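Going down the list, the sequences are from chains A and B.
Per UniProt numbering, the first sequence starts with residue 1, numbered consecutively.
Per UniProt numbering, the second sequence starts with residue 1, numbered consecutively.
Honestly, the hints are just simulated from the structure, not real lab data.
The structure presented is a predicted model; accordingly, all values stated were derived computationally and were not measured.
Certain hints may be false.
Cross-link-like lysine-lysine pairs, in silico, DSBU-like; alpha carbons within 35 Å at most [as the list claims (entries may be wrong)]:
1. A:167 - A:148
2. B:277 - A:142
3. B:46 - A:72
4. A:167 - A:7
5. B:196 - A:108
Pair by pair, the computed Cβ-Cβ distance ranges are [said to hold, decoys possible]:
6. B:112 - A:186: 23 to 33 Å
7. B:42 - A:227: 31 to 41 Å
8. A:358 - B:112: 55 to 65 Å
9. A:147 - B:134: 26 to 36 Å
10. A:142 - B:262: 52 to 62 Å
11. A:104 - B:27: 44 to 54 Å
12. B:169 - A:213: 21 to 31 Å
13. A:172 - B:42: 39 to 49 Å
14. B:46 - A:337: 28 to 38 Å
15. A:276 - B:112: 21 to 31 Å
16. B:113 - A:172: 49 to 59 Å
17. A:104 - B:113: 34 to 44 Å
18. A:150 - B:169: 38 to 48 Å
19. B:112 - A:150: 55 to 65 Å
For every residue, glycine included, the Cβ atom is placed at its ideal position computed from N, Cα and C.
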Amino acid sequence: MSDTVIKVENLSKQYRLGELGTGTISHDLNRWWHKVRGKEDPYLKIGEVNDRSTKAISKYTWALRDINFEVKQGEVLGIIGKNGAGKSTLLKLLSRVTAPTTGTIKAKGRIASLLEVGTGFHEDLTGRENIFLNGAILGMTKSEIRTKFDEIVAFSGTERYIDTPVKRYSSGMRVRLAFAVAAHLDPEILIVDEVLAVGDTEFQKKAIGKMQDVSTKEGRTVLFVSHNMAAIYQLCNKGLLLSNGQSISEGPIEQVLDHYTTLTSTMVLESQIKGNLNIELLNIELYTNYTNKSSNEFLIGYPAEFKLKIQANHSAQNIEIGINFKNNFGELISHITSLDSGRTFSLNEGEVIEMVFNLTSIDFSPGLYWIDVFIMDNGILLHGIHDILSFSVLNSNKVKRPGGFPQHVKLFTEANWNIISLT
Amino acid sequence: MKEQDEDWTLVIKPSSGLFDLQLKEVWRYRDLLQMFVRRDFVAVYKQTILGPIWFFLQPLFTTITFTIVFGNIAGISTDGIPGPLFYMAGIVGWNYFSECLTTTSNTFIQNANIFGKVYFPRLIIPLSIVVSNLLKFGVQFILFLALLSYFMFTGADVQPTWAMVLVPFLIILMAALGLGFGMLISAMTTKYRDLKFLITFGVQLAMYASPVIYPLSTLPEKYKPFILANPMTSIIETFRYAFVGEGSFNWMYLGYSTLFAFVVLALGIVVFNKVEKSFMDTV
Numbered sequence: 001m002s003d004t005v006i007k008v009e010n011l012s013k014q015y016r017l018g019e020l021g022t023g024t025i026s027h028d029l030n031r032w033w034h035k036v037r038g039k040e041d042p043y044l045k046i047g048e049v050n051d052r053s054t055k056a057i058s059k060y061t062w063a064l065r066d067i068n069f070e071v072k073q074g075e076v077l078g079i080i081g082k083n084g085a086g087k088s089t090l091l092k093l094l095s096r097v098t099a100p101t102t103g104t105i106k107a108k109g110r111i112a113s114l115l116e117v118g119t120g121f122h123e124d125l126t127g128r129e130n131i132f133l134n135g136a137i138l139g140m141t142k143s144e145i146r147t148k149f150d151e152i153v154a155f156s157g158t159e160r161y162i163d164t165p166v167k168r169y170s171s172g173m174r175v176r177l178a179f180a181v182a183a184h185l186d187p188e189i190l191i192v193d194e195v196l197a198v199g200d201t202e203f204q205k206k207a208i209g210k211m212q213d214v215s216t217k218e219g220r221t222v223l224f225v226s227h228n229m230a231a232i233y234q235l236c237n238k239g240l241l242l243s244n245g246q247s248i249s250e251g252p253i254e255q256v257l258d259h260y261t262t263l264t265s266t267m268v269l270e271s272q273i274k275g276n277l278n279i280e281l282l283n284i285e286l287y288t289n290y291t292n293k294s295s296n297e298f299l300i301g302y303p304a305e306f307k308l309k310i311q312a313n314h315s316a317q318n319i320e321i322g323i324n325f326k327n328n329f330g331e332l333i334s335h336i337t338s339l340d341s342g343r344t345f346s347l348n349e350g351e352v353i354e355m356v357f358n359l360t361s362i363d364f365s366p367g368l369y370w371i372d373v374f375i376m377d378n379g380i381l382l383h384g385i386h387d388i389l390s391f392s393v394l395n396s397n398k399v400k401r402p403g404g405f406p407q408h409v410k411l412f413t414e415a416n417w418n419i420i421s422l423t
Numbered sequence: 001m002k003e004q005d006e007d008w009t010l011v012i013k014p015s016s017g018l019f020d021l022q023l024k025e026v027w028r029y030r031d032l033l034q035m036f037v038r039r040d041f042v043a044v045y046k047q048t049i050l051g052p053i054w055f056f057l058q059p060l061f062t063t064i065t066f067t068i069v070f071g072n073i074a075g076i077s078t079d080g081i082p083g084p085l086f087y088m089a090g091i092v093g094w095n096y097f098s099e100c101l102t103t104t105s106n107t108f109i110q111n112a113n114i115f116g117k118v119y120f121p122r123l124i125i126p127l128s129i130v131v132s133n134l135l136k137f138g139v140q141f142i143l144f145l146a147l148l149s150y151f152m153f154t155g156a157d158v159q160p161t162w163a164m165v166l167v168p169f170l171i172i173l174m175a176a177l178g179l180g181f182g183m184l185i186s187a188m189t190t191k192y193r194d195l196k197f198l199i200t201f202g203v204q205l206a207m208y209a210s211p212v213i214y215p216l217s218t219l220p221e222k223y224k225p226f227i228l229a230n231p232m233t234s235i236i237e238t239f240r241y242a243f244v245g246e247g248s249f250n251w252m253y254l255g256y257s258t259l260f261a262f263v264v265l266a267l268g269i270v271v272f273n274k275v276e277k278s279f280m281d282t283v
């Protein structure tokens, strides 16, 4: 118990909808009047669950409602959820940018946040001056910054521009510099929001590495918010899933990510549809090679089976189906198409077809993968869905080396080793 | 469980006591204050040719304008003191107060961007404003001293008095007034922007209700109480008295200003502190 560093209890945050204007003063006065008489704030009782797509009935909304969780020393907590789920509000409360409506947050040690790095950069000041300014804003003392200055500059890779005003920097350089400053502050608890979205891959890797170092080597606690599931999966060991301001799932990151994918796969169809929908994908299922049940886990080096269900809203003659396999970082690892097997399909209006395709073996290195499905007719896109589902590849008995197949290697190639001669 | 509660170094709750000012934390962030002052000082005149000379030019031109308009054209008495000296004594002091006030009153709106991302004691910003304006005041004060010694050498009828020892105290009073009013207004403008419009011409009007362009002694008796109600009045009068030996000096008036300044400052800090916690929701 003693290593719990953050404890959040019944945390809620209420916001007022619409414009502040007429009614603001009267509500304020009413609130004050209740307070004077020792009564509860009348506006705390109302307010509804925060679902941005439905029309609001009340003037108040709960951006967060009764959130409870604990984080232990050295844990990396990934906070995930759709847009508007309350992730940023939670981080704002944690970083003390705004105060909660009810509930408490208790923490041990300094909390520093990296919410959209580079805040407080002054355009006219040089990189050097901004390192000091930004560092101080983030809570470092001048001598702390001075001792780490060289390290910061080296990490950011902006040495050449250090005496140039920041307004001449490219946006990438700015982020590098800002992240470098933030990465070198030594808070016990670090809050990171979407910083990895910017910067090139090389820098992203550096940033992820730094964050891993911070948590594993230095034993610091990190709270990480991102829409990049790959980064979350790679970095975090614990997850918190928010939806409409409420916590739906908390626990080991794999479990929470799983929950998230089932949550998103139901809505992915509306958000990322492309094509004219003459032919529509209704369903896709993965069959695991070792249990033959519908699941999203595969063993490396074993066959895999996918089932598709497709409906024709209009007839089409030369239907081809293509599937992308992408890794954690959104890199395209493999692409398959029915054309490779010399197959096209034809469907008449109203027909529904179910089909199966088998992969002779899944050779991707262990990790999380996402698939896109494209249905085409003579090169015209009928239906395309990105990230329709994810699956993970696990180590199997095909990989006998100690420690399993290394994650940074992209493909596993099965090979037989035989001795031809021995002299 | 109970004894564990004491281990928490940080507890974030919906609201805290009125006087929970966390001055300790402000002290811990003193380096930040220094950085902000530096930023204000350095950044303002970057990419200008004249640079810090602008600090001199502003009061100099105002003094020249006042001398021409109020002294020569309107013919308002300066109590026998050379016009430029009379006006500059008022302007330098008034500028410090008004700059502190207007800049502080913009604290939340101006810094919403940073405040929305990182936490640091918000009080640092108004404090840094007061300090950087103090530097500016210092530069202008040197200009004033130069002007004073020029007139003394050329034999004008001015003589500094013992009241000069009160100058540091006057500066503190002006800072307290500017800071206090500024923080009160800044706290209110987060919700009601109306004040932002009021402040720009309000400060200007207040200047005419203080003896910056006229000596208190020439004022008709019936207006005097109103002008004296302005807490800046006795400060400017004392300041002028200290250096040029003219103007009214009165312990009672100064006492009133002192009381006024510290009440406003205390009120300002408390309100500011109350608002800073959740202003991001309303700004």
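Here is how each hint holds up against the structure:
{"no.": "1", "hint": "A:167 - A:148", "in the structure": "23 Å, holds"}
{"no.": "2", "hint": "B:277 - A:142", "in the structure": "26 Å, holds"}
{"no.": "3", "hint": "B:46 - A:72", "in the structure": "47 Å, violated"}
{"no.": "4", "hint": "A:167 - A:7", "in the structure": "40 Å, violated"}
{"no.": "5", "hint": "B:196 - A:108", "in the structure": "40 Å, violated"}
{"no.": "6", "hint": "B:112 - A:186: 23 to 33 Å", "in the structure": "28 Å, holds"}
{"no.": "7", "hint": "B:42 - A:227: 31 to 41 Å", "in the structure": "38 Å, holds"}
{"no.": "8", "hint": "A:358 - B:112: 55 to 65 Å", "in the structure": "57 Å, holds"}
{"no.": "9", "hint": "A:147 - B:134: 26 to 36 Å", "in the structure": "30 Å, holds"}
{"no.": "10", "hint": "A:142 - B:262: 52 to 62 Å", "in the structure": "31 Å, violated"}
{"no.": "11", "hint": "A:104 - B:27: 44 to 54 Å", "in the structure": "25 Å, violated"}
{"no.": "12", "hint": "B:169 - A:213: 21 to 31 Å", "in the structure": "54 Å, violated"}
{"no.": "13", "hint": "A:172 - B:42: 39 to 49 Å", "in the structure": "26 Å, violated"}
{"no.": "14", "hint": "B:46 - A:337: 28 to 38 Å", "in the structure": "58 Å, violated"}
{"no.": "15", "hint": "A:276 - B:112: 21 to 31 Å", "in the structure": "45 Å, violated"}
{"no.": "16", "hint": "B:113 - A:172: 49 to 59 Å", "in the structure": "20 Å, violated"}
{"no.": "17", "hint": "A:104 - B:113: 34 to 44 Å", "in the structure": "28 Å, violated"}
{"no.": "18", "hint": "A:150 - B:169: 38 to 48 Å", "in the structure": "45 Å, holds"}
{"no.": "19", "hint": "B:112 - A:150: 55 to 65 Å", "in the structure": "34 Å, violated"}
The structure fails hints 3, 4, 5, 10, 11, 12, 13, 14, 15, 16, 17 and 19 (numbered hints given earlier, in ascending order).
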